[in-house]
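Protein chains: 2
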Amino acid sequence: MRECFELRDTDAGGRIGELTVPRADVTVETPALLPVINPNLDTIAPRRLADEFGAEILITNSYIIHGTDDVRERALEDGLHELLDFPGAIMTDSGSFQLSEYGDIDVTTEEILEFQHEIGSDIATPVDIPTPPDVPRERAEAELETTQERLEIAEGVDTGEMLVSAPVQGSTYPDLREAAGRHADGTDLDVFPVGAVVPLMNDYRYDDMVDAVAAAKRGLGADAPVHLFGAGHPMMFALGVAMGCDLFDSAAYALYARDDRYLTVRGTRLLEDLEYLPCSCSVCTGHSPDDLRALPDDEREEELAAHNLHVTFAEIRRIKQAIRAGNLLELVEQRARSHPTMLDGYRALLDHADQLERSDPVSKGAFFHVSSESARRPEVVRHHRRLERLSVPDSLFLTEGQPARGDEFDDSWRVEPPFGPFPRALSRSYPLTAEVPERTDRAALSAAADGVARLAEVNPDADLALGHRGWPAGVLERVPESVELIDLTSD
Amino acid sequence: MRECFELRDTDAGGRIGELTVPRADVTVETPALLPVINPNLDTIAPRRLADEFGAEILITNSYIIHGTDDVRERALEDGLHELLDFPGAIMTDSGSFQLSEYGDIDVTTEEILEFQHEIGSDIATPVDIPTPPDVPRERAEAELETTQERLEIAEGVDTGEMLVSAPVQGSTYPDLREAAGRHADGTDLDVFPVGAVVPLMNDYRYDDMVDAVAAAKRGLGADAPVHLFGAGHPMMFALGVAMGCDLFDSAAYALYARDDRYLTVRGTRLLEDLEYLPCSCSVCTGHSPDDLRALPDDEREEELAAHNLHVTFAEIRRIKQAIRAGNLLELVEQRARSHPTMLDGYRALLDHADQLERSDPVSKGAFFHVSSESARRPEVVRHHRRLERLSVPDSLFLTEGQPARGDEFDDSWRVEPPFGPFPRALSRSYPLTAEVPERTDRAALSAAADGVARLAEVNPDADLALGHRGWPAGVLERVPESVELIDLTSD
Ligand SMILES: [Mg+2]
Ligand SMILES: [Mg+2]
Ligand SMILES: [Zn+2]
Ligand SMILES: [Zn+2]
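Chains A and B are the protein sequences, given in the same order.
Sequential numbering from 1 applies to the first sequence in UniProt numbering.
Sequential numbering from 1 applies to the second sequence in UniProt numbering.
Keep in mind that the hints were calculated from the coordinates and are not lab data.
Just so we're clear, the structure is a prediction, and the values are computed from it rather than from any experiment.
We put the CB at the ideal spot given by N, CA and C, even for glycine.
Treat the hints with caution; some may be incorrect.
[To be verified] Covered stretches of chain B (in silico footprint by chain A; criterion: 3 or more residues with CB under 8 Å from a CB of chain A, positions within the stretch not fixed): (1) 281-291; (2) 307-316; (3) 320-331; (4) 341-347; (5) 370-378; (6) 429-441.
With these hints in hand, go ahead and build the complete structure from the sequences.
Below is the structure:
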């Protein structure tokens, strides 16, 4: 286990963790949001972020600090904590994004880390190469190699108690992301940003983002704190957390406020389009949309930024509570309905159900089947795998209805979509205590049929019969012919 | 159009309306929440409901007022508005629920309405018979007859400017609910509570609730203000509004607070189970769960009630904004993932897509396909109906891909799941501007196939070909054999 990071609880790929930041002498609970602070213009003062919003950590840009003479001098003299007046942990970004936008500059990895150390950063970032999506493989490989060289240099720099992050690149090549994750994990660096996903998010490619994170996570292993770099929209936090991301940074709260954009967990709204404020925060209960629109620019920006932060931090608390209660995927289910591209993201997440299953707790509150996507959750994957290990009598009735009477069968098992068959003795254990709708869906029936098929496959000598409630022919085709079919609704 | 109620905007079955309450000299915007006030113990003072939460209307129980000597005397002397210190509209419940629980009492409909009039009620309620679900039909019919007799008596009582509600009963018999709605609509009474749905909601039978409301609405017609009586959980407001309910009353905010229950739009939580407060209201940003738990009973109850109200009123604003923006069903989609029984409710709602289609606007922002349920939305039903009226050339290529080159076909139309085929000229009109996921679902493909089938059916002489992207065999079976199939992915 990495010394600076301890897991407290997990749900699907999500986890509650504690990131110990020795230089700030604080422990940050994850999932955590890092508000991005521009030292030249802070819309909401860092002290207020801590006191009013409960921010335990923030992130600021060392490149901007370096480039602004008076700020640099004050940062070097007084340190970032005093400069920003913030009591929590302060992470610094190297500005690799700016570097990639404005061309390289002539500094070494050592100098960059040393500068961050000198200004009192608690978590520093080396300059990596943020390779964009969809570049030719050769470029992705070459740039990843440069990033990896710099991480190795960073490993060698004496940075005292300061933590150092190790960005994971690799563009949209899952194998490169995985290799990058494995390499970063092999260094003694501390925090692992999945980098260059902003272009994916800007294009609403949440499915590709999920695939990139999933690949990075496979390389990183379970004990690495993962930062989804540049992901600041509360709509997608639950999805990101469910993939195993622990840190998010948000410049959105301030940037959006500047453009009169109002964040919600269902997407972004323009202030001019709002006739009602769909939120319970103090900004939204204290103002009407007209009130807000009538404010002077700077006040309106501050109020909108405060609302955006309230929404953002409330979503982080909601996610943590969901992890504690074991219903994170039910929260993701809801967020997936915000936009078709978020649904793509959730569907992509479920492509990795096998990977999520490894960290998903064996027992939780109750599994809710709330969509056809639910049929692909890690719990269903796990149940189907568990079927291989259950001992089956010579003849067995699998049924959605009552157990067989008489002695035609040695035993009767229950069948419940989406899980499929299980011995009645398991009815009281998770996930088979599931709550399911009366109006089921084809995906649930198909998953149940796949469970029956799996059982038949691993028990080729058993006589199996399936009592189903009018399953459609296309679903029944998934069950091997050796299984006798009895339609319980046809008598 | 009923004089006291005017529709401003609609979305699916939901609407924004204005209920004019002449006796209070106020106009209440609907959907509206009526907090239930017990005159003997108000957790949150009515004045605070108006000032802090924006309540425009509340409801209190005339039976309790009648039965409490000092309250009755003060109500008769000063009137309800002064007694409660509330500036908005005040509705009174007759107490038919209490009557049904504790046995009938010896008062007439006239007396009951006159008492409500004397104490200054703005909207009164006659004593109806709240027939529970699942009773024998004979009982439902007999009790409905009694309710209807009382409504007819109520019609004849001179109540001045006071509005009078006409409860719609009928138990779980849709035809009785519809007849009851038609009868009530035929009276000159003003507001239409769908009654006795509380037992359905207590048993999480949201599907049966939807069917009861849908039936009542068929009888009532579009211009009747509908009150979903006893429905106070914010989780189901969006569903209720989408069915066409305009008024909700909440005792839940206070009753739940008394039991340390914390409302969320995803369901109810016990305060003792919360490690984080998943909300942005002032209660939840000002306290930790431990803070709340440590408060003295009465303070804790008040704080929880305030939180519950914040959540409830924010959801009402969110629903109104969704109606304005034309994305109410996307909000229902999210709420449907709160619990499998809510999914049943949404699936039941879609059984009434035909009915919803009648009030659904022809054009909105953008249709989001965000679940397999989306394939059954009113817009899809309408598009399939519209296909019957489109003129089709002799030979037509329907395709998910590029138009046909050469002269094999007279024209090419686009095919987009879940809608199916349409002429390219319609691509820019709602709902065909839909945003759909890249990872589509079988329900969307099936709906698109049904659209193709419909077009083939009404144009039996046209030569149709379908260019599809690898649709499964079970979906292609829905397309008649006369349509040539071309798999665009197999070249
Ligand atoms: Mg894509
Ligand atoms: Mg039912
Ligand atoms: Zn707000
Ligand atoms: Zn709250």
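Starting from the hint list further up, note which numbers the structure goes against and sort them upward. none
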